[in-house]
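Letter by letter, the chains look like this.
2 protein chains.
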Amino acid sequence: MSKRAFNFCAGPAALPEAVLQRAQAELLDWQGKGLSVMEMSHRSDEYVAIAEKAEQDLRDLMAIPSHYKVLFLQGGASQQFAEIPLNLLPEGGSADYIETGIWSKKSVEEARRYGQVNLAASGKDSEFRAIPPQDQWRLDPKAAYLHYASNETIGGVQFDWIPQAGDVPLVADMSSDILSRPVDVSKFGLIYAGAQKNIGPSGLVVVIVREDLLGKARAACPTMLNYKIAADNGSMYNTPATFSWYLSGLVFEWLKEQGGVAAMEQRNRAKKELLYGYIDGSGFYANPIATPDRSWMNVPFRLPDERLDKPFLVGAEARGLLNLKGHRSVGGMRASLYNAVGLEAVEALVAYMAEFEKERG
Amino acid sequence: MSKRAFNFCAGPAALPEAVLQRAQAELLDWQGKGLSVMEMSHRSDEYVAIAEKAEQDLRDLMAIPSHYKVLFLQGGASQQFAEIPLNLLPEGGSADYIETGIWSKKSVEEARRYGQVNLAASGKDSEFRAIPPQDQWRLDPKAAYLHYASNETIGGVQFDWIPQAGDVPLVADMSSDILSRPVDVSKFGLIYAGAQKNIGPSGLVVVIVREDLLGKARAACPTMLNYKIAADNGSMYNTPATFSWYLSGLVFEWLKEQGGVAAMEQRNRAKKELLYGYIDGSGFYANPIATPDRSWMNVPFRLPDERLDKPFLVGAEARGLLNLKGHRSVGGMRASLYNAVGLEAVEALVAYMAEFEKERG
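Listed in order, the protein sequences are those of chains A and B. Everything in the first sequence is counted per the working numbering, starting at 1 for the first residue and increasing by one. Everything in the second sequence is counted per the working numbering, starting at 1 for the first residue and increasing by one.
If you're looking for bench data, these hints aren't it; they were derived computationally from the structure. From a predicted model like this one, the values you see are computed outputs, not experimental measurements. Take these hints with a grain of salt, some might be off.
One copy or any two copies: either way a pair holds, since identical chains are not told apart in the list.
Claimed, not checked - Derived DSS-like pairs: lysine-lysine, alpha-carbon spacing no greater than 30 Å straight-line:
{"no.": "1", "residue 1": "K216", "residue 2": "K105"}
{"no.": "2", "residue 1": "K33", "residue 2": "K53"}
{"no.": "3", "residue 1": "K228", "residue 2": "K106"}
{"no.": "4", "residue 1": "K358", "residue 2": "K310"}
{"no.": "5", "residue 1": "K33", "residue 2": "K358"}
{"no.": "6", "residue 1": "K216", "residue 2": "K53"}
{"no.": "7", "residue 1": "K216", "residue 2": "K106"}
{"no.": "8", "residue 1": "K142", "residue 2": "K310"}
{"no.": "9", "residue 1": "K358", "residue 2": "K105"}
{"no.": "10", "residue 1": "K3", "residue 2": "K124"}
{"no.": "11", "residue 1": "K53", "residue 2": "K310"}
Hey, can you work out the whole structure from these sequences and the hints?
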């Protein structure tokens, strides 16, 4: 078996090695039961215990208040882009959206198919290199909800503050920064996150929703997209993505063992300080994002000449530094520093960047 | 490590041991690349090759004509219950449905939320113990499509024939019998199947759809539920359920090695003949389904006295015969005999049934 690489993929992303080892050990025979978790009925005592423990561990990690439901659904964040208006935006109503990059833009486009969207603020004027400050937002106090993406995976901007939504339910796409640091769930009406960055395998999306927001779905909402039906059935209206849910549970256990989200915040801070610090000091690499809005999770950076991109990537791969190529819409490089990417991975990356700069700079 | 059990679960169901062993071997390091399939970008060369090979192997196995698209989606068959009318039933149009049990009934209920359903036939009069013959169906020649479930997982009835739909597109829920024997795909407009019986892990649904049926989705259809968008993006409009897709690909490879669906038909025939033959000959166990309509995949059976159910199940479990309890809506027992359940499992079950009958009969 070859060495495990350092994987900076934006998603599906690196998983903790200890989690994969445990999944591997029990893949054919979970706890001596003679079958894989993948082969268990979702209604079996064994699987229900796995699913409930995963939910409880997530509740513990995020200190989710008891009047919130935690749902383990399918279809990723992109399906949520429709599911949110179908459940929360009444016919004839309006919702506020903040546009800070490609993902929030997609959420706006999908919501517009279901009703009035008030684009309360956009980072467009800064080419999405900064998050518009809240005092410039044009919020509608009668909005059905206020939606934003706490971190833009592609652009590399991140809110380091929680918007003030008053009585309007605050809805956040936390796909790429959930569990990376503490967040006060009680400030939100709904939080959602595709699993494939900080949670587990793709094919799962976690929705944390305040109970009073349930039961308002439109008549045309598909049963499988109705939050209340999912909540009333413990996310088992039909067969859920059982293995992804189980594996996410192993990640939650691992996070607790590591000291929870407070410990993750410390680590993630150290990681991003090391990388941004190196980039800013180099004069060779550059990150375009306004300093206070820089993402801790996704660090896009450029080399001084595009023709260096390919040799940089080839050299990186030879050193076991994988998936550093930037998103096709942005170009350049991107290093994603999710929870499962250790400080040693960032150290190895910075060492290689320094080596490359020395050689080519 | 304890012995692998014989797993008769209706779904999520047994997977081939060889497939699990391979997934286990490469779980932390796929082909020396230093990362798990779960950790790969769905847009990486490696993953795209995995995904394309899975699709090609499925095309080979089912001899899917080139004018059909194969989609790897999320949300299970239950989400398809909405997705089908949202894509194929025009506003003001009508669709024909055949009701043969709990699953087709659910598909009818969901379709009614989107338009006119003509219940062309129902097995209700026979308490769903038989499939109404086609000469009794009240088909609408102008129907947008004709929908049926080729196998009812809970009731244990199965079509051993393909309905004649004329020019009306035939739509089949094959969740619980896809790949169990050859089927002429060219007779269908659309075939769908939740993965967790004969394909792979839950959280994936395969849709095989004739190209001319694409592009007719309603304006209100969520982007993620639009077949054309999925087809145009190779099922990667957003991040798909990558690990489930990969594992399904391993199952397809295994099926090809076993001789494909023709070999599966032989095995499955031998399995069901052994079990039904034993039940019918016993005078102790009983299966209520009309003989020509008996499912090869799901065999419900009863003991002469409900009070024997528990001791039967306890004894079965002690012998490593798992998940024989019938669905809560039906009671009694149910043995699911999907492709990954070998003849030796059915032999072990029959031997135990004979032993139990001798002791308690």
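Hints, verified against the model:
no., hint, in the structure
1, K216 with K105, "both (25 Å within a copy, 25 Å between copies)"
2, K33 with K53, "within (18 Å within a copy, 32 Å between copies)"
3, K228 with K106, "both (24 Å within a copy, 18 Å between copies)"
4, K358 with K310, "within (17 Å within a copy, 73 Å between copies)"
5, K33 with K358, "between (56 Å within a copy, 28 Å between copies)"
6, K216 with K53, "within (29 Å within a copy, 43 Å between copies)"
7, K216 with K106, "both (23 Å within a copy, 22 Å between copies)"
8, K142 with K310, "neither (50 Å within a copy, 57 Å between copies)"
9, K358 with K105, "neither (39 Å within a copy, 68 Å between copies)"
10, K3 with K124, "neither (43 Å within a copy, 60 Å between copies)"
11, K53 with K310, "between (45 Å within a copy, 28 Å between copies)"
In the structure shown, a violation is registered for the earlier hints numbered 8, 9 and 10, in ascending order.
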